Amino acid sequence: DSGVTQTPKHLITATGQRVTLRCSPRSGDLSVYWYQQSLDQGLQFLIQYYNGEERAKGNILERFSAQQFPDLHSELNLSSLELGDSALYFCASSAYQGKANEKLFFGSGTQLSVL
Amino acid sequence: AQKITQTQPGMFVQEKEAVTLDCTYDTSDQSYGLFWYKQPSSGEMIFLIYQGSYDEQNATEGRYSLNFQKARKSANLVISASQLGDSAMYFCAMREGNNDMRFGAGTRLTVKP
Chain E
520 DSGVTQTPKH LITATGQRVT LRCSPRSGDL SVYWYQQSLD QGLQFLIQYY
570 NGEERAKGNI LERFSAQQFP DLHSELNLSS LELGDSALYF CASSAYQGKA
620 NEKLFFGSGT QLSVL
Chain F
2 AQKITQTQPG MFVQEKEAVT LDCTYDTSDQ SYGLFWYKQP SSGEMIFLIY
52 QGSYDEQNAT EGRYSLNFQK ARKSANLVIS ASQLGDSAMY FCAMREGNND
102 MRFGAGTRLT VKP
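Heads up: the sequence lines are chains E and F, in that order.
In terms of our numbering, the first sequence has 600 at position 81, counting the first letter as 1, and numbering is strictly consecutive.
In terms of our numbering, the second sequence has 113 at position 112, counting the first letter as 1, and numbering is strictly consecutive.
Next comes chain E alone, as it looks inside the complex (with noise of 0.2 Å):
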C-alpha cells in the first residue's frame, strides 16, 4: 500500500459530460502529480501542485483543470469528455516540490469510461 488514495476506482460515464476524481497524497506529502495513461499513449504527465499552488503543467486538455485543497487533497476535473479520454489516471505524490531523487508514490489509479 502506498498511501496515495485515489477515488473513484471506476467511473462510466457518457460523452459531454463532466467527472471529478480525487487524490489524498501520503500523510505528510506536500506534491500531488496527475498522469494519464492511456493505451496508445503511455503515461502522461498532465499536472503538478505543490502545497496548494500549481507548480508544473504538461499536457493536460484545456477542459481539464485540477487543484489541491488546503487539507493537501487534489481533484482533478474533466469536463465535456470524449471517447479518447478513455484512460486510466494516476496520481502520485512526493514529499517536495520536486527533486531529482525524489521518487513518487502512485495511486492504485481511476478507471474512466467514456461511452
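Think of the hints as simulated: they come from the structure by calculation, not from any bench.
These numbers were taken from a predicted model, which means no experiment stands behind them.
Only pairs whose alpha carbons sit at most 25 Å apart, straight line, appear in this in silico DMTMM-like list of lysine to aspartate or glutamate: (1) E/K618 <-> F/E62; (2) E/K576 <-> F/D30; (3) E/K618 <-> F/D56; (4) F/K71 <-> F/D27; (5) F/K4 <-> E/E573; (6) E/K622 <-> F/D87.
Following the hints, put chain F in place on chain E, whose structure we already have.
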C-alpha cells in the same frame, strides 16, 4: 521531444534466468534521477529502484539492479532469477533537476515457466 526511450515493447524470459530491460534517456542537466517502476496486471505502479546522476555505483535492490552507463545515457534494469510474478509492464522514468517525472513507453515482460 521524447526524453526516455524504451525500445523493447515486449520481452520474454525463462523462469530463473536473468533479463535486461533497456532504457536510454536524453538530458543536458547534470543533476537528474532515473527510476524504474513495475506495473502488474492489477494496474498499480510499484517503485523498484533509483539511480542518481552523481552516483558512481550501480544501484541494487534485491533481485533488481540498474546498469547505469552515464556516457551512453543508458539505465538498463537487470532482473536476476526471474519469477513468474515478475510478469508485468516495466517503466523507466527520469526527473531532471526540480522537474516532474517523465516516463518511457514501457516494456511488457513475460516470464515463462
